[in-house]
Every structure is written in C-alpha cells, then in structure tokens.
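A.B. asks: Residue-level listing of the chains:
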Amino acid sequence: MAQFHHAELRPPDYVAEHGRWSLSGIFDWREWDGEFVVRVEGTASTYMLSTLTGETLMALRDGAAYVDEIATRVFEDCTAPNPATAALVARFAVACPETQSLLAALATLEALGLATAELT
Amino acid sequence: MIVGDLGPQALDHCLRHGGLQIRTGPIATNVRTSIAAVRRGISLHYAQHEAEVTTGFADFHVSVERPQNYRRWIDRQVVFRFDGSQPFAPLPGDQGFPMLEWGLNWCVSSHCHQYLIVHAAVLERDGRALILPAPSGSGKSTLCAGLAYGGGWRLLSDELALIEPATCQLVALPRPISLKNDSIDVVQQFAPSAVFGDVVHETVKGRVAHVRPPAEAVLRASRPAPPAWVVLPRFAAGVAARMEPLSRARAFMALVDNAFNYGVLGRRGFNAIGELIDRCDCHEFTYSNLHEAVAMFDRLARSEQWLPT
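Chains as they are written, first to last, in this note's numbering: chain A, 1 to 120; chain B, 1001 to 1309.
Hints in this document: simulated from the structure, not taken from any laboratory.
By construction, the Cβ of each residue, glycine as well, lies at the ideal position given by its N, Cα and C atoms.
Be careful, since some hints might not be right.
[Stated by the list, open to error] So, partial list: chain A residues that the calculated Cβ filter (under 8 Å) puts toward chain B: (1) Ser22; (2) Asp33; (3) Glu35; (4) Met58; (5) Arg61; (6) Tyr66.
[What the hints assert, rightly or not] Between beta-carbon pairs, the in silico distance windows are: (7) A:His18 with B:Arg1302: 26 to 32 Å; (8) B:Ala1166 with A:Ala65: 52 to 58 Å; (9) B:Gly1127 with A:Ala107: 56 to 62 Å; (10) A:Arg20 with B:Ala1166: 36 to 42 Å.
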C-alpha cells in the first residue's frame, strides 16, 4: 500500500473525509419540494441536484466545513436519532451508507465546480 | 391595414419590390419574394396580420427567392436571405413557404434576446397561459392546433414561447402552425374549419403543411398572458390520455433544455425560468387521441388546482 507523508499527497478519499470543505464557485439556486436546480456562474451550466446533494450545498453555504458538521446539518431531519449521532456516524463509520452518500454528494459538488476540499 | 386588404396584384407588387412589412406580435418583418407559392402562403396565412407598405425600419428584412447563380436554370431551388446574408443552404423549389417560416423562426430565436425564448407552443384561456415545451416530433404542434381550433384556447405561438424576463409574461407571436406527416390528417379531421395551406412533400421533416392562425389570435396579438401551466406533451401511439404531476425542478430543466437563448441571458434566464415555474402547475402529458387530449386540457383549464384522474 502506498504511504503518504505529506498532506498534498493524501489520496482524494482521505481529503474528502478529513479535509475542510468550502464553496468554490458563484452559483444561483432554486429549491422546490426538496429538489434543487443550480446554475454555476463559472461554467454557465445548470444542473438538477438530488435532495441530498442540494442540502449538502446548502450546508456548505451556511458555513459547515467538515464532514461531521455537514452531516449534522444534512441529516438532522433524517433517520439518525439526533444530530450528534449523525456526526459520529459521519466521523467514525466511514462504511455507513449515509456517510458514503454524503461523500458522493460532495464529490458531485466538486465535479460541478461548486465545492473543494483541502487539508488544513 | 392588414395583409388581406391588399388585392392579389398589390400584394404581388409589394412582395416583389420589398415593401411589405408584416407585424407578428411585437416583431415587424419586411418580406420580399417573387415566388408565387410563397406569395400564396403569405396571402393565406397572414391575411389577418397588420401590414404596412413601407421600406422603413423593420426588425428583420428577409426574402425567399430563386438563387442568383447558375442553379436557377439547372435545378429549381429557393434560398432564404436575412439582411442580405444567406444563413441556410438552398432548398428544393417547392419549399419556399416552409423555408420562409423556418427562416422567421430562426430570425426570432437567434436575435430577440430581450425575451427568453423557449421551443414551445403557448396558448391562453381565461387569462392564463399554457406552455407546452417539447422537442420536435413530440406532438406539440398537433396538440396546439387541436387546442387552438377545437378547445377554446387562444393561440399565442406554435413554436416559440417569448417570455418577458422581468415579468414572466408570455408575449404572443401568432403565426402559422406547422404540422408534419400524419398530424396533417389528424388535424384536418379534428378541425375541418382549420385553414390549411399547400402540402409540401419530401422536406427534411417529411410532409409539411401550415395551418392559418385563428383570426382571433391575430387580433389579440398585443395582449400578453401570465404563465399558469407548464405541460410537457408526448405523443405515444395507442395510449389513453394521461396527465401526471411533474416536479417543478424537472419542469425547470425541461424549459432550460428547450430554451434557445438561456445561455445568452445567463443569470437573467435562470431567474426568469425560476419565477415562471413558481407561478405554474407543472405536468407531463401523454396522448394518442386528439379528442381525448383536448377534453383533458378543458378540464385542466376549468380546475383551479388540477388533480389527475
């Protein structure tokens, strides 16, 4: 297995899970009944986002930066018993489907040019 | 004055010498042609439209003529010219009127960026506009003709929805309804009172005929209408008419996908579609029988809050 000694050499998954997320582009958005549409100013492209991806974008917009913070905001109305539990799930149980979904949502936002992660 | 006020000889003279300006909704177009079939089409389809005999300012100056090169003797063709340029390849000689219509669509969709322009039919009833965005071949124009000629809806446009970005009002552009292939027979049977022009065969779209816009639609062309419904139509052979709710986000994307100048308008386009969607009920509609379809839209218009059955 490859060894990573420097932050910039960390594999992308590690950065996604442990890095600090932030918005990376200007965008306009609308939400109807949990479905989002977003227009990315930098590319002038418009996308429809799933509820999870849209809520993740909103969490980033509201200042959540780390996966556990984002999970707390995104999953607070979901099946997790309380936000603290959701945060724990996000931090420690990487195989948990919710965490994987959240990471996938973040990856989608990154691919669209809306979010970026970096190790601090 | 309207085009119909000109007798055949006066109309021929104006069109030959480039002095006929036809107003379609907010757009004034100076038209020139010496081709009899095109003149006949203008006389039939634009009879109720305001016109002016002038060479003065017009939004577009267009012509449909024979080519000026050797082809005029070898092969009967027609060319469309716009402000002196020739944006399209020539077409066979009997396709002059369809070419004029397609060329006018191109003029509007490529230049009228004061509007958000969507490939959609637009009709109005009781002061509420119905927007039918759809790609070619979806049954949009057939449905539009049925609603305009048999459903009590006012035609605003068969092909281009002009949306005023600041107000989301739908601006009328009543021009001939373009029908293709089997749709021609369907509408002829459904609406015997509809006035058809020449049927033109073997175009790139197959057999094509235009239906004259109802006179009432032309007379009320200066009245915009606020949006109330976005319905995505789809023809599917053999199915019962079915209206199903469509999420607003999906309706939004359908409008984006069918817009001609969404990218040109940038944020204004996004906001305009968002505001429009806020004001609309959105549905998907599948049909195969025009009578069933028109009846279902009648129920839609009568209901405050549409509930599919």
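A.B. asks: Is it true that B:Ala1166 and A:Ala65 lie within 52 to 58 Å of each other by Cβ?
C.D. replies: Violated: the Cβ-Cβ distance is about 38 Å, outside 52 to 58 Å.
A.B. asks: Confirm or reject the claim that A:Arg20 and B:Ala1166 have a C-beta distance inside 36 to 42 Å.
C.D. replies: holds, 40 Å
A.B. asks: Grab the minimum C-beta distance from A:Ser22 to chain B and call the hint holds if it beats 8 Å, violated otherwise.
C.D. replies: violated, 22 Å
A.B. asks: Can the hint on A:Glu35 be confirmed by a CB-to-CB distance to chain B that is less than 8 Å?
C.D. replies: Hint on A:Glu35: holds, closest Cβ of chain B at ~4 Å, below 8 Å.
A.B. asks: Regarding the hint that A:Met58 lies at the interface with chain B, is the smallest CB-CB distance below 8 Å?
C.D. replies: violated, 14 Å
A.B. asks: With 8 Å as the cut and Cβ atoms as the points, is A:Asp33 at the interface with chain B?
C.D. replies: holds, 6 Å
A.B. asks: Between the beta carbons of B:Gly1127 and A:Ala107, is the distance compatible with 56 to 62 Å?
C.D. replies: Since B:Gly1127 and A:Ala107 have Cβ atoms about 47 Å apart, the given range 56 to 62 Å is violated.
A.B. asks: Taking 26 to 32 Å as the hint, is the beta-carbon distance of A:His18 and B:Arg1302 inside that range?
C.D. replies: violated, 59 Å
A.B. asks: Taking the closest Cβ pair, is A:Arg61 under 8 Å from chain B?
C.D. replies: With Cβ-Cβ at 17 Å, over 8 Å, it is violated.
A.B. asks: Under the criterion of a CB-CB separation shorter than 8 Å, is A:Tyr66 in contact with chain B as hinted?
C.D. replies: This interface hint is violated because 28 Å lies over the 8 Å limit.
When held up to the earlier numbered hints, the structure conflicts with 1, 4, 5, 6, 7, 8, 9 and fits the remainder.
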